[in-house]
Each structure stands twice: as C-alpha cells, then as structure tokens.
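Student: Residue numbers (my numbering), protein chains in the order written: chain A, 1 to 102; chain B, 1 to 209.
Be aware that a few hints might be false.
[Said to hold, decoys possible] Negatives, chain A to chain B, calculated, CB over 12 Å:
{"#": "1", "residue": "T21"}
{"#": "2", "residue": "A28"}
{"#": "3", "residue": "I41"}
{"#": "4", "residue": "A45"}
{"#": "5", "residue": "V75"}
{"#": "6", "residue": "S77"}
[Said to hold, decoys possible] Below, a list of computed lysine-lysine pairs in the BS3-like style, where the Cα atoms sit at most 27 Å apart:
{"#": "7", "chain 1": "B", "residue 1": "K24", "chain 2": "B", "residue 2": "K4"}
{"#": "8", "chain 1": "B", "residue 1": "K4", "chain 2": "B", "residue 2": "K84"}
{"#": "9", "chain 1": "B", "residue 1": "K24", "chain 2": "B", "residue 2": "K82"}
{"#": "10", "chain 1": "A", "residue 1": "K57", "chain 2": "B", "residue 2": "K8"}
{"#": "11", "chain 1": "A", "residue 1": "K72", "chain 2": "A", "residue 2": "K59"}
{"#": "12", "chain 1": "B", "residue 1": "K82", "chain 2": "A", "residue 2": "K72"}
{"#": "13", "chain 1": "B", "residue 1": "K8", "chain 2": "A", "residue 2": "K72"}
{"#": "14", "chain 1": "B", "residue 1": "K82", "chain 2": "B", "residue 2": "K8"}
{"#": "15", "chain 1": "A", "residue 1": "K59", "chain 2": "A", "residue 2": "K5"}
{"#": "16", "chain 1": "B", "residue 1": "K84", "chain 2": "A", "residue 2": "K57"}
{"#": "17", "chain 1": "B", "residue 1": "K84", "chain 2": "B", "residue 2": "K24"}
{"#": "18", "chain 1": "B", "residue 1": "K84", "chain 2": "B", "residue 2": "K8"}
[Claimed, not checked] Computed spacing ranges between beta-carbons, pair by pair:
{"#": "19", "chain 1": "B", "residue 1": "Y130", "chain 2": "A", "residue 2": "L7", "range": "46 to 54 Å"}
{"#": "20", "chain 1": "B", "residue 1": "Y130", "chain 2": "A", "residue 2": "E82", "range": "47 to 55 Å"}
{"#": "21", "chain 1": "B", "residue 1": "I190", "chain 2": "A", "residue 2": "S37", "range": "40 to 48 Å"}
{"#": "22", "chain 1": "B", "residue 1": "K82", "chain 2": "A", "residue 2": "T54", "range": "19 to 27 Å"}
{"#": "23", "chain 1": "B", "residue 1": "A11", "chain 2": "A", "residue 2": "I95", "range": "47 to 55 Å"}
{"#": "24", "chain 1": "B", "residue 1": "N63", "chain 2": "A", "residue 2": "P23", "range": "18 to 26 Å"}
{"#": "25", "chain 1": "B", "residue 1": "R60", "chain 2": "A", "residue 2": "T88", "range": "33 to 41 Å"}
{"#": "26", "chain 1": "B", "residue 1": "R64", "chain 2": "A", "residue 2": "N58", "range": "21 to 29 Å"}
{"#": "27", "chain 1": "B", "residue 1": "R132", "chain 2": "A", "residue 2": "H34", "range": "53 to 61 Å"}
{"#": "28", "chain 1": "A", "residue 1": "E82", "chain 2": "B", "residue 2": "R132", "range": "50 to 58 Å"}
{"#": "29", "chain 1": "B", "residue 1": "A17", "chain 2": "A", "residue 2": "S96", "range": "45 to 53 Å"}
{"#": "30", "chain 1": "A", "residue 1": "H34", "chain 2": "B", "residue 2": "N63", "range": "24 to 32 Å"}
{"#": "31", "chain 1": "B", "residue 1": "Q102", "chain 2": "A", "residue 2": "S37", "range": "33 to 41 Å"}
For the record, the hints were derived by calculation from the structure and aren't laboratory data. Cβ atoms here follow ideal geometry from the backbone N, Cα and C, with glycine treated the same way.
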Amino acid sequence: MNRSKLLPLTETVYTILLTLTEPAHGYAILQRIHELSDGDIRMAAGTLYGALETLVKNKLIRRVASDDPRRKVYVISDYGREVLREDTERMRRMISHADQAL
Amino acid sequence: MSKKTMTKVRAYLDLDAEEAWVNKMAADGWLITRGGPIYRFAPAEPGHHAIRLDYRLHDRRANREEYLQFMADSGWRHLAGKSKQYFEATHPETDSELFSDQESRSKRYQRMLGAFSAILFYFVWGTWWYGRGTAYSVSTLLNPRSFFLTPGLWQMQGFQFQRHFYFELPFAMLRGLGAVIWPIGAVILIILIVRIALLRRSAEQTTIA
C-alpha cells in the first residue's frame, strides 16, 4: 500500500480519523465531528456513510465488535494512526512556515 | 381525498430531476411509498417535505439494516427503495442534505454504473450463450421460419398446415423472442449506461463551478 498516495488527507477523512481514535458508531461520529469543529464542519449522513466504507477498504479504520448488531462500531487502525500522524506532521511544518512568513 | 393510493409510471435516471418530482408530489400531498419505475404514493400532509435520494445496493440484509439504522439515527426516515433509496428528513428545518460534498453526491452515479454494468454483463453473456450454436444469427433472425421445428411443416398444405402452424406459433414466437431479447437488452443497457456516465460527469463538473 502506497501511503503517500493518501496524503494530504481531505478534511473529511482527517476529521473522521481524528474522531475515531476512540471507537464510535456512525451517528456518534457525526456528533463528535460537530463538537470537535465547534459546529464548523457539517458532514451529511450519506457522505459519512460512503467515507466510512472507503476508509475500511483502505484499512485506515476497522470494525470492532459491538453489542448492537444494527450499529457498526469503528476505530482507527494502527496504519490509520500512522497516516494521521504523518499528515499532522506535514501540516505542522506548513504552519511553522506560515508563521515565519506572515 | 377519495383515493387511498396513487400509482404513476415514470422512468428516471437523473437523480436530481427525480428528487424534484418526488418532492413536488409530496408538496401536493402525495408521499412516495414505492420507488420507480412503477411509483406508488400515499396521501400525506401537503406542504414542505425534504425528500432526498441515495443509490446503494447492499449485498447482505444485515448491512442494509445497519445502513437504515444509521440513517434513522441521523434524522432520515426511509420511505421506499431497494437500490434507489428515498429518505425524508425528520427535522427538515435543520441540515436537510444527504450529501455535504459534490464528490459523494456524484458517487451515487458511480454505484449506479456498477449495478447496471453487472446487468449488462449478464445480457452479454446471454447473447453469447444463445448465439454460440446456430440458435440465431442475423440470417436466422431475418428468416422467422427457422423458429418452427415441426418436421416437414413448410411442405404441408391447407388445413394440415394451418393446424400445425397455429399450434406451434406461440412456441416459435417464444423461441424467437428468447433469442433476440439478449442482444436487444444489451443494447438498451449500453444506452442507459452511457446516459448515467454523462450524468455522473455533469455531477462531477459542478464541483468546479
């Protein structure tokens, strides 16, 4: 798997990965995204659903066992954590460049 | 309202056009209860409804139930649909879009293309399967006599001919239909697939605008 192909992460993917450092099911993810961004990011249900499918396929997140079979629970994978860290580093470098330039 | 339900026959590929029509029906007091092409509507409170369309096929029942549960949790009531999904916002005053970016909106057409391509594959296979012997070719299709299998039929005369001819006619028609339905179906599907691909392209181009 070529990691650099996934970078930079889109805002949607970055935010979902960030919320999934703790396990959560679909709707809980939507609520967390809302809290995390102070309501700035409004992710629609259909968009999140499709994104979760893609992230599972890319092995950035994985499903974990849940008590409720009707609500799938997801958590970030080790690989996903690595990618998230790498993208955060990338942005940190950008921000420090920006701080010097501005 | 005198009638309990209303049936309407329509064929839509354009999800936005269909969405607009379904919402107009709802505004007039008819809420969708079954998806196309043979739509069914039940009486509902006329006025504003926020109905949105998704396109999604689920390979397993459990996955479909999980999908509908997630949508219900997020404020979307499933009205109808097995592949084309019709949802109504339970709180239409807040966030009433099913997709928050253009990419995920246009991906609906991508999934539609996948589903239609699978059916096309089946029809191409059928075309090959029925055509692999001498079941049909262009010359047999232009010669409908070949669909009659009664020995010596075309040498018969008068009443004997009529008796055998009309007896076999329905079978011969089925035989002919069975052969041509595959290539005709394949051609129709190719036309539909091209139209969906064009819809997807215009949906993707909206992103730039």
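Student: Which numbered conditions among the earlier hints are violated in the structure presented, ordered from lowest to highest?
Tutor: 2, 3, 4, 10, 13 and 31
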